[in-house]
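Using the hints, put the two standalone chains together into the complex.
Chain order of the listed sequences is Y and C. Just so you know, we're using the working numbering here: the first sequence kicks off at 1 and counts up by one. Just so you know, we're using the working numbering here: the second sequence kicks off at 1 and counts up by one.
Simulated from the structure, these hints should not be mistaken for laboratory data. All figures in this text were calculated on a predicted structure; none of them were measured in a lab. One should not assume that every hint holds.
[To be verified] Ranges of calculated distance between the beta carbons of each label pair, as one might list FRET restraints:
no., chain 1, residue 1, chain 2, residue 2, range
1, C, SER408, Y, HIS233, 48 to 54 angstroms
2, C, SER408, Y, ALA9, 35 to 41 angstroms
3, Y, LYS204, C, PHE335, 54 to 60 angstroms
4, C, SER407, Y, GLY202, 33 to 39 angstroms
5, C, GLY255, Y, ALA9, 33 to 39 angstroms
6, C, SER408, Y, ARG24, 21 to 27 angstroms
[Unchecked claim] With the Cβ distance kept under 10 angstroms, some of the chain Y side facing chain C (calculated, not the full set):
no., residue
7, HIS55
8, HIS56
9, ILE64
10, LEU79
Virtual Cβ for every residue (Gly too), placed ideally from N, Cα, C.
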Amino acid sequence: MKTSGKVLAEQVKKIGESKVFSIRSPSLPTWCPGCGYFGIHQGLNNAIQRLGLPHHKIVVVSGIGCAGRYPFFTDTYGLHTVHGRTLPVSTGVKLANPELTVFAVGGDGDGLGIGGGHLPHIARRNIDVKYLLFDNSIYGLTKGQPSPSSPVGFKTKASPQGNKDAPLNATLLALSYGASFVARLFAGDPEGITRALVQGIGHKGFSFFHVYTSCVTFDKEYKTWDHLKQWVHPLPAKHDPANLKQAIDEALEDQFSLGILYKRME
Amino acid sequence: MAKVDLTIEICGMSGDGTIAAGGILNEAMSRAGLSVLAFDSYPAEIRGFGRCVTHSRFGDQEMQALSEKTHVLISLDDKESQSRTPFLAKNAVVLFDNKPPSYVEEGTSIAAHVEPDVRLFGMPFTDLAAAASGSTRGRNLAALGGFAVIFGVPPAHFREVIAKKFKAKGEKVLDANLKSFDAGYRYASEAFKERERPVLLLPEPGKDEERILISGNEAVARAALDAGLKLYFGYPITPATPIMEYLAKALPAKGGRMVQMEDEIASIGAVLGSFFAGKRAMTATSGPGFALMTELITHGVMSETPAVIINAQRGGPATGMPSKTEQSDLQAAVFGGPGDSARIVIAPTNVRECYEFTLMSFQLAERYQTPVIVLTDFFLNNRVEKVKIVGASEAQREDWNLYPDESSRGQYERYRVTESGISPRAIPGTEGFLFDATGLEHTEKGRPDYSSEIHSKMTEKRHRKIRGALNDLPEPVEFSSGEAMDVGVIAWGSTFGSALEAVLRTQQEGMKVGALKMMSLFPYHAEAIRAFMKKCKEILIPELNYEGQLANLVGHLHGKDVVRLNRTTGMPMSPTLIYERIKTLI
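The shape of chain C in the complex, shown without the other chains (with noise of 0.2 angstroms):
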């Protein structure tokens, strides 16, 4: 079991500094040597009016999911942080501002609206970072300073951090950040007595120095320019629009270049003309793009063109919930489109994922000349995870495209039905390779054609070629309790992470539960996740979304009704909400 397990939380108004203490603290703790994963709700899409609230999880092991109770709340702004306490877990921790600002309305100190178990410390935030620092905007850091105390956490790890996130905002700046979380911690050593100050078990340090903060958009960027990008085309939209900002800074250096698309239909058309001429391209994009993009999709398959495109999906349907997490494109990336247009579609579950799943794209697009979809989601993309991540190896960075051999020179067939579906490709610029590619059904060597035999023949030859790539994709994962279960819960995307948590509880508690995540969401392993549903006898699908898009997708493997677990909150999966429909079905 683990030692460490704290969740922190800090609220505020947009213009409190909310989000940049949250990252602060998550940095501060990574140094600590804890695990991190954390995730901002903030509220809206740009910065406005509104409640921001950053969650953070801390521990001494890697973890699956958010956690549902907070240890801690830093209250920024008590009227806000108030919505927040029905979700403290028992004797929490509230450390609050004790003289806020003039405007702020009387009454509304949260002191006044918890539970008496709860261990109050408060202290004067907005005061304590004007004296130190002439500026009131430190009051963040002021708190800070009063965590750090109260946690025992080196202040060390804190002025790093602050160091490193001001430095090329000035000296001045710097030095009143530092000032302001020095006054608080000097404010809080002697304020709060020790032996009321919970005890934090922190990790030896040093132990785990590879493993580096980091988001899911950030993995999926670093993966890209890891896998040799050299061409980047997109449109902004959220929360996919940090990945083309990272590779528009990025590029240059590594003699590529990022461009702003018209829209996402000229996005993926530029990086399939990108794949088409021999070089490596992507996209990012959310529903409403992915659903711009969906013709030209199909255009890849038909035309066999490789193409790496990211999906962040977030509410649907339409503009849906630009800032809230969703499940709800599955059967999109699957199956949307005109036709039979089979392409490949995986799915990251954590952070770690994300780069090994967009590195692993490029390679798997140029091997099986087709539109290759990541599928993440709000959650995965926001996210940060404290990962290792390694780099590519030579052998990821390989180009999988097969190419003509000397052979067909003069007599090239770019279409040939070869037993695995798939045809050597030549890039333009290549003598005596001359083709046609087209969106028309056509012949071996290209050439439209209407005829059954033909698109029978074409069809199929597609099929066999995704199928094919079965073998080179991610299997599933079993986390089983034995050979025989009473529950087994499949789950993909980041809502594996909570019913991992979920079924681990119940296994410790001795229930016969498994759980299984999959990957691959086309093509899928069909034969591991019938082996798996048959030593189950419940089959449980949480998902995001509100029919069961997986549950369609995989479902009629069971040999009776999968049971199924939606919400569509916009938040991430509760891992409380699984552990207690598991129970219900045994």
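Looking at chain Y on its own, in the form it has when it is part of the complex (with noise of 0.2 angstroms):
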């Protein structure tokens, strides 16, 4: 029997507004009450729920830091590692387990600092494995210190002169490295990020989303809601996600546009 393929996209719509498919676990998350992390929570959980992915075919697997908690909130098998080992962690759970969705979710200390010499790899390897950068400019868990992806100038306790050194630009980054799937999301826009999410889960092979986030008890300098709500805005309407030379002059030129940047075509 051939289902079209508008009866099955009710069938989904369906399934998914009975919450049957709903990741979130009966643990509140320990997140600090405004954190950005509580919409991307929203936006993944969205996206599962509208593909309909059965929980038991899921891995979420963390770092250390306020995104480090993440698999404690999902109701799938989750794999809480040590501080920037989430990718090549997740690299063994894909290859052992083809069949598994495997999330990877961290911080950008996680996977800019400390971690950072993995996203090469897990790239130029495509090992299909969906990492959400969680991107707040800032340690959280440790209260408040500048991070890779800190603009220079930036004030902690550990900065009280400003940061010195030069922000990386994580989406720049994983454009260069090969990924074959790259897109840029704000917390504050989950459907944007469950959009994504739906187009990365389907793409096979290595998927980055680079997030914006807010640390609302930390910084209340930079990447503050306010400010994030200002820069961000969409992708301009001509952008080709398939031209890769367009993708990375974007990154270079637009550090706040929103959506599907680039995916690799097989």
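In structure tokens, the structure reads:
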């Protein structure tokens, strides 16, 4: 029996609305009220519902930091590893059982600082892992130190005279490392996250989701909600995600345009 | 007593084909029915300039250690070979090039640098090879032709091995090498009178066809394959790299894959991820890489995730001596890393055990849900032995994971405290058994918890589990001469072979001495070790490290201080050194 696309879409919508596939776990997140991670959680949860992914076929792998706790707040298999090693552990999980959908989650310290050496390699191996980088430009769990994506001049207790080191552009890095799917997103737009994740989960290969978010407790200066809301905007309408050169230009010229920058056509 | 115990060294400069000739010699002597224990003490990490020496001991019985006296020296470069003459046995045979290439300095001939008792056999290796094949490159094979004549080894054995070795390089190369060997053989048959040739009593052929020549590294790789390995993650490092290369070639045919990772941290991370998802995986490294793995190894301890890690020890600390042997990672393997992180550490003492222990490590890792470290050393990894490898039985391949049963579906507790400390482990993809594994201290459900009660209870659970592994770990093996002994020698790793050889020598001389082979380093069989110690007045622990790391580990079981014998020369432990030390204790 052949099911038409329309019928299938309706069935999927119905299942989604039933909340059967909600991945929220009974444990309430330990994040501060107002934390951007709630928005990311909602975005990911909705994507999984929309796709109807069975929970037992999902593994969420994390490192250390506020984002490291993520697996405990999802009703899936979870592997909370050590600081910075999310991507190699995810590689092992995915290669061992390709039927699993593997999400790697972590902050900017975990993914660009201590674990920065792993991103190029999972990208060039094109391992089918979905990596969400929660980028709030600060070390939150250790109560506010500058991170590899903090701007120059950023003041914290560990940088009282202002941060001296230039920030990394995670989207640009992922593109130049050869990631086959790259999206830039905003925690204040869960629906945008869901839409990009639905596309990225369907993509066979390493998928990088650079999510801008705010640390409401330790950053009163830079990536505040007010600032982020002013800064972010959609990618230009003419942007062609099949064009790597265009994606790199976009990542270089505009740090805050959101959407799917690049998707390699196989 | 052994009828044949012959040690042969080939010495040359890099580029002389020394290592190749050694390999051919080992294989040919093996085909002639002899046991083999061989070690190439090549000088540098890569083939560059420098002295190459192959050291092969052949016998009609199984051998435990290298010999300290050389009976035959085949010199491909007389200037370099002079460094080997102090190790020559009485009446040793020296086979040398009596018409070396023109660039060789005059007056360097080895003939002028040996004791008068040495039996010299000179022949023009270079000229013979050049005349036979048009190139001097086959001079190492011309030398082997001469050796075959002098010791009466059937040339067919050599020709077969040469054919096997050079087949892939094309007919021209193969033909040139065979011709060089034949030229050497013909020349020596005429030049050396039969009555001047030593007599070598070869065993009857065909009686041990099941044994094969294999290195420790190859044994490890084959065992992993036989255990059903699906994924290997690694990073190049001396002396473990050959394991990775072997598996890169062999795994695809078995539906598996070798992934060369970006570093050792990534390698162990991927191994843990793979076991977490239910597939056997492995990594192999040496000291520097092992140090990098430490944090994730303790994550395996805390999250109770299996892993198999081969640590092929080399000289340390830091980069140390990549191409030298040492046993100085014991403490790092047993105790390395943050916190109370008990894990299983086993150490093979010969090539056969390299196979057996690697094979068993996968089941141990699964049953005890822990990283298992197989601690080898440069000498073990690189030496070649003739051993019988029967392969893995059905039972040895069996899955030792303990899965949760149906009754816990929906209310599964991943870290349930049990009597054995082993909690059933669900594999992702299984419906109804979701859990989180974490490196944080956690409750039985796997939720983070820092309470005094939980940390005490869970730490105890993890240690109880590892202690329980003693039942499945290789017990110490005793080689005692009676119930009351003057000296007991306890040894581990490749040093055990030297210790046993020394102890057997003292036993033959009527001394009351025993040896204890320790293979399980953690947990260890304290009762068996104590029982052995009780029989001995003195306990001697020889090790290739500075302080005595095994002595630090088990010395406290003895009623008084143990005697330590430590060497950090980068070379295998000398049996004579142990023998002499034993004598001073009696």
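Status of the hints after comparison with the structure:
Evaluation of the 48 to 54 angstroms hint for SER408/C and HIS233/Y yields a pass: the beta carbon distance comes to about 50 angstroms. The hinted window of 35 to 41 angstroms between SER408/C and ALA9/Y holds, with their beta carbons roughly 38 angstroms apart. For the pair LYS204/Y and PHE335/C, the beta carbons lie near 44 angstroms from each other, so the given range of 54 to 60 angstroms is not met. With their beta carbons about 38 angstroms apart, SER407/C and GLY202/Y fall inside the hinted range of 33 to 39 angstroms.
Separated by about 37 angstroms at the C-beta atoms, GLY255/C and ALA9/Y satisfy the suggested range of 33 to 39 angstroms. A hinted range of 21 to 27 angstroms for the beta carbons of SER408/C and ARG24/Y is consistent with their spacing of about 23 angstroms. With its C-beta approaching chain C no nearer than about 6 angstroms, HIS55/Y sits inside the 10 angstroms limit, and its interface hint holds. Annotation: interface hint on HIS56/Y holds; nearest CB of chain C at approximately 5 angstroms, less than 10 angstroms.
Restraint check, ILE64/Y versus chain C: the minimum CB separation of about 8 angstroms is within 10 angstroms; hint holds. Given hint, LEU79/Y at the interface with chain C, holds; its Cβ is 5 angstroms from that chain's nearest Cβ, closer than 10 angstroms.
Taken one by one, the earlier hints fail for this structure only at number 3.
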